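Asker: Single-letter residue listing:
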Amino acid sequence: MRIFDNVEVRQNLRLIMRERGKIVARRDGHNIFLNTGREWIARLICYSLFSPLTAEEDSRVRYMGVGIGGTRQLAPGVANSSPIGGDPPTGGPYVGTNVQVDTDPTVTRLERPVRVSGGSTAYPGVGGDRWVAQVQAPAVHDTAVDTTFVRVFSEADVSYPPFLSVPLSEVGLFIASADPEHYDNVPIAYDCFDTLSKTSAFELEVRWTIHIG
Amino acid sequence: VKHNIKLVHRVDGQVLDVRQGHNVWVDVGRTWLSKLICYSSFDPVTPETSVRPLHMGLGVGGLGQSDVRVDSPPFSTGYPAGADPNGTDGHQYDREYPIKPGAVVSTLERPVRITGGSTAYPGAPGDRWLTDHTNATRFQVMHRTSMSATFRALFDCTVGELVYAPFTVMLPSEVGLFTSAADLLGNPYCELFAYYTFDTIELGATSQLEIYWRVEFN
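So the sequence lines, in the order shown, correspond to chains A and B.
Residues in the first sequence are numbered consecutively from 1342, following the numbering used here.
Residues in the second sequence are numbered consecutively from 54, following the numbering used here.
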């Protein structure tokens, strides 16, 4: 995303899987700032009223969510079978397709979101399910023009019974107006990555950096 | 070429001149944006910053200044060169600045009053250096597309802004975009976050200068 030729907003994403503190897998990539994100930031920088000063948009980045959708799902056998994505009569709790790409700015949701915690019912889930997780605050500024949002998904997050191994392949960044109990919130940024199979032996750290160049 | 700043000079209501160009989003602006998108705390929920664009200001500095009158009284006495944080000669700020290590553009180079007196910087406490957001005609925000924001300011010499005794003309050549953290009164060197210098425009008592500043996220 560019603010014409003066300010460039770049995003970088790093996912690190650890087992008892030791790195066992890592993914690095450039995600895409979605049209929804561009519209959000265009509102965020504005006042809608000058007296009293009232922001047009006041939600900032607050959540991350993960899923098993996207074209880089390398474990379709797991993603599309019981207990994750398959089997009649219900079709499984996380049933869906894997056609979404991270080069399309018109994406408006994770393709196959998974719960961070909660139950195992099919979409849209039930009350009490948590579909997105809060990032750490304060955000990290490695430089004055870099903002890194960090979320560590614990061993118990995402991969809880009956989901012993969840083949994660997509991640989204969400603002504070997202509803953590709602399964298809609208992200502002999105990325697909080669599958990382999350089990209760692993924690997953996601570091999402937005650079104002 | 896409332009993101447009200046429209009207005299007696007729368009005399239109300028278009690209502004410079200075370091302060980049830092501001990196803070605006995040929270410093969730308990209680606290944004890192909540200020947003609210003012524009003009100056007679910048590389675009080509009129020698700005180096003579009353300009040289009311708006002397060298008072900016970098101590420049008054003609140096540009999109390529810094011209020396560690120096950045963070203010106008030679800001001018919209209303007030004529004393040298820092002027008087009641001098107004920035557009007044409480006047709906002087600063506005609009969205021409869903992915852009346009800030519009109006400097109206017909009601005594900019051009008043002893300044029979005003010769702006730089403009800055400021947030609500800037002081409306009494501070010529408020921190700006976007900057643009342009070839001198001569404003008279019947002039109006309208500025459209567009930020597009494409």
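Calculated from the structure, these hints are not laboratory results.
Owing to the predicted nature of the structure, the values given are computational and were not obtained by experimental measurement.
From the three backbone atoms N, C-alpha and C, an ideal C-beta is built for every residue, glycine too.
Hints should not be assumed to be uniformly reliable.
[Said to hold, decoys possible] Derived DEER-like restraints, expressed as beta-carbon distance ranges:
| hint | chain 1 | residue 1 | chain 2 | residue 2 | range |
| --- | --- | --- | --- | --- | --- |
| 1 | B | Val212 | A | Asp1525 | 50 to 60 angstroms |
| 2 | A | Val1442 | B | Val98 | 25 to 35 angstroms |
| 3 | A | Glu1397 | B | Asp80 | 22 to 32 angstroms |
| 4 | B | Thr172 | A | Asp1520 | 53 to 63 angstroms |
| 5 | B | Val98 | A | Ile1364 | 27 to 37 angstroms |
| 6 | A | Arg1367 | B | Val98 | 24 to 34 angstroms |
Asker: Compare the structure with each hint and give your call.
Answerer: Do the hints match the structure? See the list:
no.: 1; hint: Val212/B to Asp1525/A: 50 to 60 angstroms; verdict: 53 angstroms, holds
no.: 2; hint: Val1442/A to Val98/B: 25 to 35 angstroms; verdict: 34 angstroms, holds
no.: 3; hint: Glu1397/A to Asp80/B: 22 to 32 angstroms; verdict: 25 angstroms, holds
no.: 4; hint: Thr172/B to Asp1520/A: 53 to 63 angstroms; verdict: 56 angstroms, holds
no.: 5; hint: Val98/B to Ile1364/A: 27 to 37 angstroms; verdict: 33 angstroms, holds
no.: 6; hint: Arg1367/A to Val98/B: 24 to 34 angstroms; verdict: 32 angstroms, holds
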